[in-house]
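J.: Could you put together the complete structure from these sequences and hints?
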Amino acid sequence: MRRSLLFIPSNNPGMLESSSLFGSDSVIFDLEDSVSVSEKDNSRNLLVSFLNSKEKLNLEVVVRINASDTPFYHFDLEAVVSDKIDTIMLPKASVETLHKLDKDLSKIEKEKKLANKIKVIPIIELASSLIEASKIAAMLRVNGLLLGAEDLSSDLEVVRTEEGLEILYARMVVVTAAKANKIDAIDTPFTNVFDNDKLKKDCKFVRGIGMNAKACIHPNQIEVVNEVFSPTEAEINWATKVLIAKEEAEKKNQGVFSLDGKMVDKPVILRAEKIILKAKKYKLL
Amino acid sequence: MRVGIAGTLESNDCIITVIESDKLIIEVKSVVYDFFGKHIENLIKNILEELKIKNIKVICEDKGALDYTIKARLITAIKRLEAKK
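The listed protein sequences correspond, in order, to chains A and B. Residue 1 is where the first sequence starts when you use the working numbering, and the numbers rise one by one after that. Residue 1 is where the second sequence starts when you use the working numbering, and the numbers rise one by one after that.
Derived by calculation from the structure, the hints in this document are not laboratory data. Please note: incorrect hints may appear among the correct ones.
[Said to hold, decoys possible] Negatives, chain A to chain B, calculated, CB over 12 Å:
hint : residue
1    : 14
2    : 157
3    : 165
4    : 197
5    : 281
[Stated by the list, open to error] Think about it this way: if two alpha-carbon atoms lie no more than 20 Å apart in a straight line, the pair counts; the simulated SDA-like pairs of lysine to any residue are:
hint : chain 1 : residue 1 : chain 2 : residue 2
6    : B       : 63        : A       : 9
7    : A       : 40        : B       : 9
8    : A       : 54        : B       : 67
9    : A       : 40        : B       : 15
10   : A       : 40        : B       : 31
11   : A       : 100       : A       : 139
12   : B       : 79        : A       : 38
13   : A       : 40        : B       : 82
14   : A       : 40        : B       : 10
15   : B       : 63        : A       : 15
16   : B       : 84        : A       : 39
17   : B       : 84        : A       : 15
18   : B       : 79        : A       : 139
[What the hints assert, rightly or not] Which chain B residues stay away from chain A? Per the calculated CB distances, all over 10 Å, these:
hint : residue
19   : 1
20   : 27
21   : 53
22   : 75
By construction, the Cβ of each residue, glycine as well, lies at the ideal position given by its N, Cα and C atoms.
T.: Here it is as structure tokens:
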């Protein structure tokens, strides 16, 4: 369960040092697009040295490695997989590359005797990944799908716009595939880091179609993203009332009951429970 | 003479230059030399000992890097030098 995931370039010591202080639910230490080809070794060594110098950070630690068809993939995996991280983010994901990643992770986990199984967030950023999205979402280790709209737009040969009509279908596919498998649907970053009003509008729109988190590319975006993807006060009040009414109904052996003139049945109760779970996790209750 | 370089001169970072040498030479230039110069020298010595490297010239231009950054930059610089063999 996440709302905000902040990308941190792994070759910047200052950003690494303050990465856990910005208030995001997860940090994504990036070894891919934010690092030039000539600095891949430098950023990988810095990230490992940073992680080894600390206790496990008190938030989800994700590492975006380089894609499996690059010469950096194996070096990245061998170096960063440890108990200091929770999740690997795989660019240009497909069913085939995720099978390979699962096999590679299992081998490293065994060799390093890791306490926990590493999770995976695949990036849906190819037209072919979009077609495979439901299979990808159902795969072992996968606990969230990230839509990568910039690369996807390039693959689709469309121009990215702030309105995002060109990625509407992709957003719907990612949401449906993720929700069908009870995992997070994570929206593509909003690239204009100077306009938080538009960011908020974008967040509200994607929350409305089912996304439950958004990747951030600047710490200034986190407050807005966390606000929009948290349950509102009205939602928490409603969910609390539903669950109190549910307890009363159970005492009377009622499966279905009404609240404020509206019928409450199992799907409504599940929704209320989810809202309360989120509210508790994000310390809103 | 083979050389390996890693790092930047941005705040919180350092540039480490390693040069083949027949003896151990460590030079530290730091914005906080008065407070941490000796500490940085000892850190570099310890990392070289861990790597079993006895003879090498290391130049560290420090802009307030923490220990893990100096360690990472030193290791990268050495690997880059070795890759030139």
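J.: Now look at each hint and say whether the structure bears it out.
T.: Checked hints:
no.	hint	in the structure
1	14	violated, 4 Å
2	157	holds, 36 Å
3	165	holds, 39 Å
4	197	holds, 31 Å
5	281	holds, 31 Å
6	B:63 to A:9	holds, 19 Å
7	A:40 to B:9	holds, 18 Å
8	A:54 to B:67	holds, 12 Å
9	A:40 to B:15	holds, 16 Å
10	A:40 to B:31	violated, 27 Å
11	A:100 to A:139	holds, 12 Å
12	B:79 to A:38	holds, 13 Å
13	A:40 to B:82	holds, 17 Å
14	A:40 to B:10	holds, 18 Å
15	B:63 to A:15	holds, 15 Å
16	B:84 to A:39	holds, 16 Å
17	B:84 to A:15	violated, 31 Å
18	B:79 to A:139	violated, 37 Å
19	1	holds, 21 Å
20	27	holds, 21 Å
21	53	holds, 16 Å
22	75	violated, 5 Å
Hint compliance for this structure: hints 1, 10, 17, 18 and 22 are not met, and every other hint is.
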